[in-house]
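In order, the protein sequences belong to chains A and B. Counting in our numbering, the first sequence runs without a single skipped number right up to 257 at its last residue. Counting in our numbering, the second sequence runs without a single skipped number right up to 244 at its last residue.
Check before you lean on any hint, since a few could be wrong.
Unchecked claim - Straight-line distance between alpha carbons at most 35 Å, and here's what the computed DSBU-like set of lysine-lysine pairs gives: (1) B:LYS75 to A:LYS222; (2) B:LYS134 to A:LYS232; (3) A:LYS226 to B:LYS185; (4) B:LYS182 to A:LYS149; (5) B:LYS124 to A:LYS222; (6) A:LYS222 to B:LYS182; (7) B:LYS226 to A:LYS228; (8) B:LYS134 to A:LYS222.
What the hints assert, rightly or not - Sample of chain B residues at the chain A side, in silico, Cβ under 10 Å: (9) GLU116; (10) ILE139; (11) SER148; (12) GLU210.
Just so you know, the hints here were simulated from the structure itself, not pulled from any lab data. Note that the coordinates shown come from a computational prediction; the quantities given were computed from them, not determined experimentally. Glycine included, C-beta positions come from ideal geometry on N, C-alpha and C.
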Amino acid sequence: MSYHDAHILDQYAYQASVVHRLDPRAKIIAILFFVIIVVSFPKYVFISLLPFAIYPLVLAILSGLSFRLLFRQVLIASPFFILVGLFNPFLDRTMIDVPFLGIQVRGGIISFASIALRGFLCVSGAVLLVSTSSFPRLVEALQALHLPKAFTVQLMFLYRYLFLLIEEAKRMSQARLLRSGGFRNSFSSARSMLSVLLIRTLHRAGAIWLAMRARGFQDEIKTARKMKWSFKDFIFLALSIIFCLWLRLIIFEQIKF
Amino acid sequence: MAEIVQVEKLNYIYPDGTKALEGVSFRVNSGECVGIVGASGAGKSTLGLCLLGLLAGQSGRIMIDGLELTKKTLKQVRGKIGLVFQNPDDQLFMPTLFDDVAFGLLQDGIDGEEMEHLVIDALKERGLERLAYKFPGHISFGQKRLASLATVLVMKPEILVLDEPSANLDPQARKQLIEHLKALKNTRLILSHDLEMILSLANRVLLMREGKLVAEGKPQEILSQKDLMAENGLEIPLSLRIRA
Chain A
1 MSYHDAHILD QYAYQASVVH RLDPRAKIIA ILFFVIIVVS FPKYVFISLL
51 PFAIYPLVLA ILSGLSFRLL FRQVLIASPF FILVGLFNPF LDRTMIDVPF
101 LGIQVRGGII SFASIALRGF LCVSGAVLLV STSSFPRLVE ALQALHLPKA
151 FTVQLMFLYR YLFLLIEEAK RMSQARLLRS GGFRNSFSSA RSMLSVLLIR
201 TLHRAGAIWL AMRARGFQDE IKTARKMKWS FKDFIFLALS IIFCLWLRLI
251 IFEQIKF
Chain B
1 MAEIVQVEKL NYIYPDGTKA LEGVSFRVNS GECVGIVGAS GAGKSTLGLC
51 LLGLLAGQSG RIMIDGLELT KKTLKQVRGK IGLVFQNPDD QLFMPTLFDD
101 VAFGLLQDGI DGEEMEHLVI DALKERGLER LAYKFPGHIS FGQKRLASLA
151 TVLVMKPEIL VLDEPSANLD PQARKQLIEH LKALKNTRLI LSHDLEMILS
201 LANRVLLMRE GKLVAEGKPQ EILSQKDLMA ENGLEIPLSL RIRA
């Protein structure tokens, strides 16, 4: 993820759409349920998964997140899930009947397409989650959902230090570019830059740690806003669950592919 | 006037062997504004970190408002003394200015409406209320400096330690900051080599060199000594040179 993308996503998280205003706990549970249902289908299923795209698309429209940005973020993560099924077409030679078309296709191709589609749907859900709730709010929500404190504090630091790392890298990259006449440097200089980047980031991280300690930080994230479930959150969660179950139990039973 | 800060024979050596503080002793009275000056590397920032117990001196003693700084008293001492870091980006680590100012209060168990009032007041006093929900990375350096001051002042510390508060500020922002600092009633320790600012704010000056205190006195007396300034890598402030 580029510096620009990271900041854009973070800025989106502070908008005030109807999705942004939902309790982050409701969003976490809904997206988690969505992911579990998408992953729960048998491996040779493709068409039954397609209607699930409605869910992220509707959330994107309601939250004002541009499709372009959503697609771009999913593309960045796509090598990971494409790699998972990349060899399926060569390894799985089972022939599967494709309904509606009346043809037979190699099972590996279908399972590869299915993995890619599931990856696309799951990553879309994750992108929508982080772009409609600020990261600190998500961490608070995880805390409220009783995830271990050690995990949530690590997440919070990861968020803060990730931006530091990106900012330091950006500064160093600019300085290198100005002194290299615009030519890309060799692998060895990139390697030494990486080590300097790590040291500089650790230095900055240490300074932030001191600033937090100076203001009484005691290994627990305490935040200004309280979590409140509202009727809208229940409605959102209920609709999300009903939609996913309807696709999984009713539509899939009819299509079976 | 009661002594609110007492530092006795404080020593600090960094893990790489650099002696940052050597036998530093001084006292500060309640309500005083003390300028701690010296060239870069003189030990000013290390002293600031030691005063809050963020670095533990190898030997020596620090008393803050009658409390000796130890592991047991750390929380109480940090409730009495606040540090504004040299780089405001280190101090502003939350997603919005509001969250940053609220951070210390929440750690202290102050939340709800009381916390909100305190945060908004602290931002208002520094003219930052309209930026309350902005990402701190997207405001000017001068605003960041004022915001980092707000993050500390909201905790109502009796003693305020400011590390190079005027560094990297444009003239307008610097002037605004000096006005803010002048208006404060807290005991202030200003660690800086901006001698003009020290001259306009401090009642007393402590001069540091290579981790030691080498001179102490009224700002005009200390800062106007040409040889002393030159020996310590500093220059007589322009306003004193003009007066001379």
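A quick look at each hint next to the structure:
1. B:LYS75 to A:LYS222: holds, 17 Å
2. B:LYS134 to A:LYS232: Answer holds: LYS134 (chain B) to LYS232 (chain A) is near 27 Å, not above 35 Å.
3. A:LYS226 to B:LYS185: holds, 34 Å
4. B:LYS182 to A:LYS149: violated, 42 Å
5. B:LYS124 to A:LYS222: Within the cut-off at roughly 23 Å; holds.
6. A:LYS222 to B:LYS182: Holds, because 33 Å separates the two Cα atoms, which is no more than 35 Å.
7. B:LYS226 to A:LYS228: With Cα atoms ~64 Å apart, LYS226 (chain B) and LYS228 (chain A) exceed 35 Å; violated.
8. B:LYS134 to A:LYS222: holds, 19 Å
9. GLU116: Interface hint status for GLU116 (chain B): holds (8 Å vs cutoff 10 Å).
10. ILE139: Since the shortest Cβ distance to chain A is 14 Å, the answer is violated.
11. SER148: holds, 9 Å
12. GLU210: Violated, because the Cβ-Cβ distance from GLU210 (chain B) to chain A comes to roughly 23 Å (cut-off 10 Å).
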